[in-house]
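> Take each chain as given, in its own frame, and dock them per the hints.
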Amino acid sequence: DVKVTQSSRYLVKRTGEKVFLECVQDMDHENMFWYRQDPGLGLRLIYFSYDVKMKEKGDIPEGYSVSREKKERFSLILESASTNQTSMYLCASWSSNTGELFFGEGSRLTVL
Amino acid sequence: DQQVKQNSPSLSVQEGRISILNCDYTNSMFDYFLWYKKYPAEGPTFLISISSIKDKNEDGRFTVFLNKSAKHLSLHIVPSQPGDSAVYFCAASKGYGGATNKLIFGTGTLLAVQP
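As given, the protein sequences belong to chains A and B, one line each in that order.
The numbering used here puts the first sequence at residues 1 to 112.
The numbering used here puts the second sequence at residues 1 to 115.
Isolated chain B, as found in the complex (with noise of 0.2 Å):
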C-alpha cells in the first residue's frame, strides 16, 4: 500500500522553464512533508520541506505547495538549471519525523533539464 506516490517517474523540461514535480498521499494523518533530491551514486539531500499550516514554503528557486484537501503536493523550480537533473523524492510523516514517526519516502521523479 503505496502512501505516497508519484505518478510521474521521469519529466523532461528546458533550462530556464519551470519544473512541476508532483506528489499525492493517502494517509490524512501525514502533517510534515519534504523533498529530497538525489544524485546517481549519492545519498538523498534535503531540498525544502512543509509542515501542515501551511500550503506554501519557499527558498531561492525551489517552492513547495500543498493542498490538504485533495492530500496533493508539488515541488516547483524556477528557473530549472541542468544542475537541477536529478530524482526528486516525497516524503511525508505524521509529526515531525524520527524513529517515532517515520518518513514515507514515494518512488522518485527522473527530472532531466535540458540545455
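If we strip away everything but chain A, and leave its shape as in the complex, we get (with noise of 0.2 Å):
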C-alpha cells in the first residue's frame, strides 16, 4: 500500500511564525502536491512538484514556498503565518501506474 505520510496532525502557532508542514511518501512516485482544505471551498492546490527540486506555482501560492530536495519528501513553508492561512493541509503524492493521486492524513494548522 502506498503511505503518504505527514509529520504532524496538529499545529498551533503564532502569527508571523515560520511552519514547516513535511511530507513523505514510499513509493517512489515523481510528482507531489500541496492542498488545503477550507469549507465551502474544497480542495485548492497551492504548490506541485514534477521531480526532486522541480516546483510550479498551483492556484493559490501566495503566501508559501515549498523544498523538494529528495523525492520522497515534499515541505511547505509558511514564511510569516498569519491567521488566514489557518487550514487544513493535504500532501499527496500522484501514481502513474492508476492516475490516482495518494493523499496524507492531513495537518490542522492553527494560526493564532
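The set of hints was computed from the structure by calculation and includes no laboratory data.
Note that the coordinates shown come from a computational prediction; the quantities given were computed from them, not determined experimentally.
SDA-like cross-link-like pairs, simulated, lysine to any residue; straight-line CA separation at most 20 Å:
no., chain 1, residue 1, chain 2, residue 2
1, B, K37, A, G40
2, A, K53, B, T100
3, B, K94, A, S95
4, B, K71, B, D55
5, A, K57, A, S75
6, B, K37, A, E100
7, B, K5, A, G40
8, B, K37, A, D38
9, B, K37, A, L41
10, A, K18, A, G63
11, B, K71, B, N101
12, B, K94, A, D59
13, B, K37, A, M88
14, A, K55, B, N101
15, A, K55, A, R73
16, A, K3, A, R108
17, B, K94, A, L45
18, B, K54, A, T98
19, A, K57, B, Q2
20, A, K57, A, E30
21, B, K56, A, T98
Here it is in C-alpha cells:
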C-alpha cells in the first residue's frame, strides 16, 4: 500500500512564525502536491512538484513556498504565518500507473 | 472560476436507500473524473474513477455515471450505509492526471446516512 505521511497532525502557531509542514511518500512517485482544504472551498492546490528540485505554483501559492530536495519528501513552508492560513493542509503523491492521487492524513494548522 | 461544481453542500439519506451525489464541470477538455471520500481528520481516499470513453463505471455499491453532453457526473451509492457518511469530492482533469494534468476538485458534498 502507498503511504503518504505528514509529520504533524495538529499544530498551533502564532502570527508571524515560520511553519514547516513535512510530507514523505514511500512509492517513488515523481509528482507530489500540497493542497489546503477549507469549508465551502474544497481542495485548492498550493504548490506541486514534478520531480526533485522541480516546483510549480498552484492556484493559491501566495504566502507559501516549498522544498523538494529528495524524491520522497515534499515540504510546505509558511514564511510568516497569518491567521488566514488556518486550515487543513493535505499532501498527496500521484501514481502514474493508476492515475490516482494518494493523500496523507492531513495537518490541521491553527494560527493565532 | 469554479471549473468543477458540487452544488449540494450536504445530503441526508436513510440507511439502505440510494445516495446520489452530483457534480458539474465547465471545461469540455476534462476527460478523466474521480470521486474521493473524506472522513473528518483524515486525508481523502480514492473511491472510483471514469474516463470520458465510458458513461458508467461500477465498483460494488458505487457507480459513477458520466453525461458528457451535459457535463455532468453523478455517484450512486446503493445501498447506503452509516459508514458511508463522509465528505465526497468530485475531481476532473484533462488527461490522466499528475503534475501535467492537474486534478481540479469540487467543493465537496457532506453525506449523512441515517440509521
